[in-house]
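Knowing the structure of chain D, use the given hints to seat chain E with the ligands on it.
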Amino acid sequence: MDKPVEKGKFVFTRESLKKKFRWSEFLSEKIITGVAFLSITIIVLIFVFVFKEALPIFNYKKKEAVKVEQVQKQEQYGGEADQGQTNSSGQEQYGVTTNDTMMIENQARAEDTIVHGSEQATFKSLAGKKWLPVSDNPRYGLVPLFVGTLKITLIAMLFAAPIAILAALFSASFAPYWMREIIKPAIELLAGFPSVVIGFFALMVMASFFQNIFGYDGRLNAFVGGVAMALAAIPIIFTITEDALTAVPRTYTEASLALGATRWQTALFVTLPAATPGIFAAILLGIGRVFGETMIALMATGNAALISVNPFESVRTLAATIGAEMAEVVFGDTHYNVLFLIGSLLFVFNFSLNALAEFYVKGKLVKRFQGKQS
Amino acid sequence: MKEIKIKTRDLTLYYGPKMALNSISIEIPEKEVTAFIGPSGCGKSTFLRTLNRMNDLIPNVRITGEVLVDSLNIYDKQIDVVNLRKKVGMVFQKSNPFAKSIFENVAYGPRINGINNKTKLEEIVETSLKKAFIWEEVKDRLNDSAMALSGGQQQRMCIARTLAVEPEIILMDEPASALDPISTAKIEELIFELKKNYTIVIVTHNMQQAARVSDLTAFFYLGELIEFGKTKKIFTTPDKKHTEEYITGRFG
Ligand SMILES: Nc1ncnc2c1ncn2[C@@H]1O[C@H](COP(=O)(O)OP(=O)(O)OP(=O)(O)O)[C@@H](O)[C@H]1O
Ligand SMILES: [Mg+2]
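Those protein sequence lines, which keep their order, are chains D and E. When the first sequence is numbered by the numbering used here, its final residue is 1684 and no position is left out of the sequence of numbers. When the second sequence is numbered by the numbering used here, its final residue is 578 and no position is left out of the sequence of numbers.
Bound conformation, chain E alone:
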C-alpha cells in the first residue's frame, strides 16, 4: 500500500445548526485516484472542500476533528491557508475561467507566486496545457479569451491552471458533469495520466466513471462515510447493503 497523503479523524462539520458531516475518518493514499460517491446532498462537496479549507469562505461553518495532509493538521492555527491551497489544488464542477486570455488564465497562479519572467511563464503555461491535453487545441490562440473555449476545453484549461501552481493533491468536484461524452472521456484519460504524479480526489455522480477512473471509492450517505475501500471491491462485493443498493441503482 502507498503512503497516506490525506487523513481525517472524526471530522464533523456544521452549517449553522445543521450537521453536514458526521465524524468522518478516512485515509487517502498518495498518487491514486479516490472517488467520492453518494446521493445528492450527502456531503461529498462539503467534505472535499474541507480538504483545502474552501469552507472557510462560508460564514457560520463550524468544524471539529482533524484533517492531516502529509501528517500536518491543516486546521492548526499555525497553518497558512494560502500555502495550503497551493499544495492542494481544486477543480470545480462548473468550469470557471477568468475573463482573461488563455495564457493569462494559466499564468495567473505562477504570477501571484511572484514569477514574472516572460520566458519562464511561457514555459509553465506550455507544460501545464500539455499536461492537461489541451495544448494542441489552443496553442495558436493563447491570447484569445478563455471564455471563447468550449465547455470541455474550458474545464481542461482550468485543470491546466491548477497544474501550473504545481500542487501535490488535486480535488475535483464533478469535473465532467457538465460535459458531453467525448469531453468526459478526455477528462478521464487525463485523470488517469495525472495520477502518476498527483494524488487525486474526485466527486462523481457517474458510477461508471467512478469504476473506470478510481482506485478507491468512498460511499457517503447523509453526512456519514458508509463504506470505503478498493473500487473493485466496492463495485462487486460491498460490505454494506446501503452501498450495494446505491451502486445498483435500487436506492430510494
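Excised from the complex, chain D in its bound form:
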C-alpha cells in the first residue's frame, strides 16, 4: 500500500474515501443559495407591495384616515397634477379619437379631481361599466378595461398564433438546414425588439394603412393595436413552438415517412400533434405577453375605455391604464389603489397563465411519452 502516489491521481484507499471538507464547494453552494433566496425574496416583496397598495379599496375605515391626510397634502400634489396634465395632453396627440374629448374635459378639472377623486370604490363600482377616474364623480368600472384587454388579446392571437405556428412548422420540418440557421435567430432577435418601436410603427404606418383598407374613422383602435401586439407576440410563440417541434423525436418522423407519408402529412399528423403541449404553452405565453404589453397599447389603441365588440373601436387595456395614469395619480387615493389592484390582477393572470402552461405541458408530456392513455 505504500506505492508512491502520482500527483493528481486518485488512489483507492480507505484514506482517500474519507469524507473531506471542500471549502470552495461549501462557499459556492452557500453563495448560490444566498443569491437565489435574495432574488426570490425581492420578487415576493414587490408583489406584496403591489397587493398591499391595492388593498385599501376594500377597507373603508382606513380609507377615511387617508383622505384627511390627503386633503392636507393637496397643495403639494397640485404641482405634480399639473405636470401630469401636460403629460396626458401630450398623449392626446396619438389618441386623437373623438372619444377622448371627455377625458380632456376631465383633466381640465384636475384640481377638483383630487378632492373628489377619493370616492370609495366598492366591488359594485369596480364592476361598473364606466372608467372615469378623473371626473367630478369618478367611477372605477373595470369592465371596459377587461373588455378592451380581451379584445386586443383575441385580435392579436388570431394573427400571431397561426402565423407563428406555421412559420415554426416550416422552419422545423421543411426549411433546408441553412435556411433554418437564418430564420430562427432572426425571429428570436425580433423578440428583443423594443415595443416602443413597434408601437411607433403601428401609430405612424399601420394605422393609416389599415384605415385606407377598412375605411374606419378613428385611426387608432383595437384592430391596429391587436395587429401591433401580434408583432410582439409572434417571436415568442414562434420560438417556443419551434423548440417543441424540433424536440419531437426524429424516430417519429422517420416512422411516418417510412410508411409512405408525405412531408406535409408527417408534419401535420405526427410532428404537430406530438408537439401540442409545447404549442399550447407557446400560445399561453404569447397571451401573457399581450396582456402585459403597455407601450404598444398606449400608442396604438386609442385608449378610450369603450365597451363594444367592434374591432375598429378604440379600446383601453389594463396595462395601458396603469401606464397612462400612474404618473398623475395621488398617492393613497382611491384611483391610486385601483391602479394597484389592476396591477395585482395582471400579475395574477400572468402567473396563472404561466402556471397553466407549465403544469399542462409537464403533465401532458409525461402522459404522452410514458404511456398513460391520453
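If you're looking for bench data, these hints aren't it; they were derived computationally from the structure. Check each hint, because a few of them may be wrong.
[To be verified] With a cut-off of at most 27 Å between alpha-carbon atoms, the simulated BS3-like pairs for lysine-lysine come out as follows: (1) D:Lys1329 <-> D:Lys1340; (2) E:Lys558 <-> E:Lys522; (3) E:Lys413 <-> E:Lys521; (4) E:Lys521 <-> E:Lys344; (5) E:Lys446 <-> E:Lys567; (6) E:Lys328 <-> E:Lys556; (7) D:Lys1674 <-> E:Lys420; (8) D:Lys1672 <-> E:Lys357; (9) D:Lys1674 <-> E:Lys558.
Relative to chain D, chain E with the ligands alone:
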C-alpha cells in the same frame, strides 16, 4: 432460384467527404430473408436505408450507382419517393410507436393513403396485428396508448404498422437488438412466417439469429460487401478468410 427483387449496381455513398459504401453490387431474391452482418460502423444500416431512400433525409449525402427494385432505378428522377416507401417498408432498431393509441398507430398508414371507412380500417388493423402475432395480446386494449406496451410488443406493433401499408419488401434494422430472448424468438418466428409473402432484408449483430432466420447472408466490412451467398454456406464454408474470422468471433 427465385426472381431478383432488389438489385444494386456499384452503389457508392458519401456522407460529406467520407465514403460509407464502396461500390456495392448485390442481388436480393424475392420472398426470402437476406441478412446483413458485419462489425459496427461497416455501413449495414446505411446500405439498408438506401433501399427505401431514407438517406434522402440526411443532409450532404451523395450517392452514385443504381438501386433497382423490380428492375426500376429508385434513384431515377421520375420516381416518387412516397410511393416507393409504401412498397419498401421499414422497421427500425428502436421501436418507434407514435404517441397515439394502438389502433391509430396501425391505422396511420392506411389513413394517409386515404382510407377513412371505419369498418375497413378496423379490418386492416386486425389483420395486420394478427400477421404480426400480437392481436391476441392487444385486442382488448386497442384504444390504449401504444407507449404503454412492452418493448417487444411495441416492436411487433411497429411491424404490424408496416404491414398495414401492404409493402412488398420489409427492411429491418436490428429489429430485436433491444429485446429479451422470448420477444426475440417471437420476432424471429414472425419473420419466418412473413417471408412467405414478403421479401425481407434484416440487419443483425446476432450470428445465431442470422443463421436461424436467413436464407442468404451478406457480410460487410468497412463499407464494402465482402461476401454474399447462401447462409448455410457462409456459416460453414465461407470463401473469404475475413468472413470466417468474423463469424467465428476471431475478429479484431
Ligand atoms: N448521418 C451520418 N452522417 C455522417 N456519417 C454517418 C452518418 N450515419 C452513419 N455514418 C457513418 O457511416 C458509417 C456507416 O454507418 P452505419 O450506421 O451504416 O453502420 P452500421 O454497420 O449500421 O453500424 P452498427 O452495426 O453499429 O449499426 C459509419 O462510419 C458512420 O460513422
Ligand atoms: Mg446500424
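* Asked: Given the hint that D:Lys1674 pairs with E:Lys420, does the C-alpha gap stay at or below 27 Å?
  -> OK: D:Lys1674 and E:Lys420 at ~23 Å, within 27 Å.
* Between D:Lys1672 and E:Lys357, is the straight-line Cα distance small enough, at 27 Å or below? -> Violated, at about 47 Å.
* Would you check the hint for E:Lys446 and E:Lys567, treating anything up to 27 Å between C-alpha atoms as holding? => Violated - the C-alpha atoms of E:Lys567 and E:Lys446 are around 53 Å apart, more than 27 Å.
* Asked: Under the criterion that the straight-line Cα-Cα distance not exceed 27 Å, is the pair D:Lys1674, E:Lys558 satisfied?
  -> This hinted pair is violated, its Cα atoms lying about 51 Å apart.
* Pair hint D:Lys1329 and D:Lys1340, alpha-carbon separation not exceeding 27 Å -> holds, 19 Å
* If you draw a straight line from the CA of E:Lys413 to the CA of E:Lys521, is it 27 Å or shorter? -> holds, 15 Å
* Asked: Are E:Lys328 and E:Lys556 close enough, with their CA atoms no more than 27 Å apart?
  -> Since the Cα atoms of E:Lys328 and E:Lys556 sit roughly 13 Å apart, the hinted pair holds (cutoff 27 Å).
* Does the alpha-carbon distance linking E:Lys521 and E:Lys344 stay inside the 27 Å limit? -> Cα-Cα ~35 Å, so violated.
* Asked: Can the restraint linking E:Lys558 and E:Lys522 be considered satisfied, given a maximum Cα separation of 27 Å?
  -> Roughly 19 Å separates the two Cα atoms, so the pair holds.
Of the numbered hints listed earlier, those contradicted by the structure are 4, 5, 8, 9.
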